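> The residues making up each chain are set out below.
2 protein chains.
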Amino acid sequence: MAKRAAAKTRLTRKDYEARLPRLREQLVQLQVQLKQLPCPVLLVIAGVEGSGKGEVVNALNSWLDPRGVEVFAFHPPTEEERERPFMWRYWRSLPPRGRIGIYAGSWYTEALREAAPARARPADFAHALARIAGFERTLAADGALIVKCWLQLSKTEQGDRLRELEDDARTAWRVTPEDWESHRRYNRLASLAATMQRQTRRPGAPWHLIAAADERARNLAVAETLLARFRDHHRLMKQIAAAQEKPARVTPLRPAGRRKLLQLPLDQKLGAADYELKRDKWLGRLNAGVRRAAAKHRSIVFVFEGWDAAGKGGAIRRLTSAIDARDCRVIPVSKPTDEEKSHHYLWRFWRHLPRSGMVTIYDRSWYGRVLVERLEGFARDDEWRRAYTEINDFEAQLTERGIIVVKFWLHISKDEQLRRFRHRETTEYKRHKINAEDWRNRRKWAAYETAVGDMLALTDRPQRPWHLVAANNKRHARLQVLKLATRQIETALGLK
Amino acid sequence: MAKRAAAKTRLTRKDYEARLPRLREQLVQLQVQLKQLPCPVLLVIAGVEGSGKGEVVNALNSWLDPRGVEVFAFHPPTEEERERPFMWRYWRSLPPRGRIGIYAGSWYTEALREAAPARARPADFAHALARIAGFERTLAADGALIVKCWLQLSKTEQGDRLRELEDDARTAWRVTPEDWESHRRYNRLASLAATMQRQTRRPGAPWHLIAAADERARNLAVAETLLARFRDHHRLMKQIAAAQEKPARVTPLRPAGRRKLLQLPLDQKLGAADYELKRDKWLGRLNAGVRRAAAKHRSIVFVFEGWDAAGKGGAIRRLTSAIDARDCRVIPVSKPTDEEKSHHYLWRFWRHLPRSGMVTIYDRSWYGRVLVERLEGFARDDEWRRAYTEINDFEAQLTERGIIVVKFWLHISKDEQLRRFRHRETTEYKRHKINAEDWRNRRKWAAYETAVGDMLALTDRPQRPWHLVAANNKRHARLQVLKLATRQIETALGLK
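So the sequence lines, in the order shown, correspond to chains A and B.
All residue numbers for the first sequence refer to our numbering, where the first residue is -16 and numbers rise by one.
All residue numbers for the second sequence refer to our numbering, where the first residue is -16 and numbers rise by one.
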């Protein structure tokens, strides 16, 4: 083994092994406590080439109970992944609450790889880092523990390390021409890494610099960083849990939204013959729009929200009749499954994002966070208040990737809802559509008006506006949905 | 609307609408009963072009409670899908128990499309149909209700229908040049469809021919077929549930398997220095093999089975240290999640199949069906007996697609297990590895020997043999795993 300047700081094998039993015990205890908290842990192992990221992952893997750990690593994105927003594949690779995800390579690897060529634009790098910071902020706010380790070697140490690996027949295969290339470009890459660390260092997600020249000390340092961060996090989460308040009284954040909702005229009429004629015209035009979007590799995401019995299902069926079944998927959103509950609330919507040229229709959506979850106290006060920003950020990532986001609120009067509830109860094949919960929600009509108003006011954006649809008359509502959808798609494609 | 010969059998709108309320009521009741059974329903809507498959799907969708239904449709397979076995994407698109999957286009669409060109080989078509029949047989045996409707039009009716659609500005977009092409080739396609129906008509999965010239009659016929089949299925499932027996006494199916297991010598020794030298040599050679496999777009699936405490985890970590973390995924298999439980037991393993060039390591596997599930009565007698065939069929689909399947049984003596259990109990950081269940399993040692023996004898195939590894000595076992894996990979690649 080559002698090196850093040899004096080396940890002997004996000292290392003496410390392992206690360390492993602490790591296993961490996993037991983690299951009780429970929150997810993201452990990012990043660093310069040759710093031993893979070995650190292997060491942690052998110390932790493997049933609670998953290792993620990423090649450059595949075709399918490139067709979604940048963060899509990372959202899909998140550990559920109570488990640890170890990232041997992560969103940082991708951001650095894209920024590395001399021709790369600094603005793109800055944008990628902002997305990453937003991603981590969103997860940290939801209780995730994010531990980011940067394994550090000086240029000399890196050269020594690569030569050492190469000189040994057992490890020579680990060194690739790309490693030497990155050694030659050490200074440029170090400067990018420094920028990256500066831009993505946040209270919930600091960077830990780990000296990587000594392998044993490096492994211990990563494990001890994880343990220390977990201890702090554990204390913090207990405090937050203790400080949880009752849901506050429902007061509007933006009264203008509710006013707009209440001003919507609901007395439209539309005869059957007139409706059918117009419907068929708009169905044809919508179909042409959807096919043109597909030809331009643009996907479409529809969001349907509205009062119970406002006619979302019927409107969706009219809409889908104009779209090739192979290109279109309807996602009915009701109570989250166990798997969904063990992730951030946006996770289940990220999962279903369409490939380019495809259509996804959400029958109810992420807006549940600021409607039912706000009013029923399923989300804490700070959680639903934060959600407007999170949702805007999420939708911005969609439109940025070229996805057309079409959002509807189907609005009916309280009387009309009553009429429809009664009709459902007296019609045999509709009775399954109504239950006690619908009646309970109805009693909170005024509170919902406030929440809907806030939603409309706080998440309406030029590229992804809320379409308010008067739905007391079903034919009128269905036609409006077709028209508004068609027009927004045509505008997005520059056809109007 | 064009007059047609079949007009005399038309159902009037009035008659149609009179029948709908009762029909919808029955469909909703079906869904309620389905949740209680519960089993999955696969409703395949296939048929000639222009027969209205999409409209049938839309009609059913509007009659059923959408929360219990999912519609599937498929484009020609993507790159990612082509890298897996033919049936992979259909396994991923299965409804869970209690829900209905409607297939607007299915495995049949793909098989017919591939068989349609004049240059297509009949043997490939026959092979695809055999795979499909196996797929449906596997699901039906597990309780799935499979309803396959073939919407039928004569050549004249088809021509009339396409012209009718084309003449109407509202529906002209639905008719594509491919539709007319398939009209010109009506006879060839009809003959392929007849072959297909003959080859895939099975007791649990018959074909229902539906006359599609009259749209309303067609819609009703599909719904009534579904209802009738469900009624029969419901009765059958109740009978099966009533007839369930206690798990029988554990008697070997193939005593030779158990004999082979018991004859394995377990007294190997291997010194630390000798081990490290050999290990590093084999790690290098394994790494070269894995990279060569990737270069040839061959994936590798490792299966690790063995007694509790036999050292699977350690062996897996040695193995993965030779593989790029980005190319490798370890799937720890323990109790199935709720989502997994609501599918066929093979579903959770299909999910994780690697892309070409990648490696998946199953830490325990589908063999749980014929081990723990057999012995604990989690699988009925007919279920685990059937599983040997299902597993062989599953693995055959992997090797057929070029996947290298490497299977290990790590074998230790009963005394050695006891020693390891005690060591775990007295070592702080290993205590989490042992629980009451391990001790319970241990008391059934002899029964497990029988089950393992049957597994070894009944699922050992030249292309995917069982490697029996003597594991009383951990170093010996780890080295054996590296050697055997490397050799099998080299053989599969034709390097030896």
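The set of hints was computed from the structure by calculation and includes no laboratory data.
Note that the structure is predicted; figures quoted are calculated from it, not measured.
Treat the hints loosely; a few may be bogus.
Any copy, or any two copies together, can satisfy a pair, since identical chains are not distinguished.
Each computed SDA-like pair below joins lysine to any residue, with the alpha-carbon atoms no more than 25 Å apart [to be verified]: (1) K221 - L148; (2) K479 - P315; (3) K479 - R241; (4) K318 - Q19; (5) K243 - S45; (6) K261 - L210; (7) K324 - L148; (8) K(-3) - L467; (9) K416 - A1; (10) K318 - S76; (11) K324 - G84.
> Run every hint past the structure and note whether it holds.
Hints versus structure:
In this assembly of identical chains, the alpha carbons of K221 and L148 never lie at most 25 Å apart, being 45 Å within a copy and 65 Å across copies at closest. In this assembly of identical chains, K479 and P315 lie within 25 Å of each other by CA distance neither inside one copy nor across copies; the values are 32 Å within and 54 Å between. Proximity of K479 to R241 under the C-alpha cut-off of 25 Å is found in neither arrangement, the shortest distances being 31 Å within a copy and 75 Å between copies. In this homomeric assembly, K318 and Q19 come within 25 Å of each other (Cα to Cα) both inside a single copy, at 23 Å, and across copies, at 19 Å.
Within a single copy, K243 and S45 get their C-alpha atoms no closer than 59 Å, and across copies no closer than 32 Å, so neither meets the 25 Å cut-off. Proximity of K261 to L210 under the C-alpha cut-off of 25 Å is found in neither arrangement, the shortest distances being 65 Å within a copy and 35 Å between copies. Within a single copy, K324 and L148 get their C-alpha atoms no closer than 45 Å, and across copies no closer than 46 Å, so neither meets the 25 Å cut-off. For the homomeric pair K(-3) and L467, neither the shortest alpha-carbon distance inside one copy (72 Å) nor that between copies (33 Å) is at most 25 Å.
For the homomeric pair K416 and A1, the shortest alpha-carbon distance between copies (21 Å) is at most 25 Å, but the shortest distance inside one copy (65 Å) is not. In this homomeric assembly, K318 and S76 come within 25 Å of each other (Cα to Cα) both inside a single copy, at 22 Å, and across copies, at 21 Å. Within a single copy, K324 and G84 get their C-alpha atoms as close as 17 Å, and across copies as close as 24 Å, so both meet the 25 Å cut-off.
Hints 1, 2, 3, 5, 6, 7, 8 from the list above are not met by this structure, while the remaining hints are.
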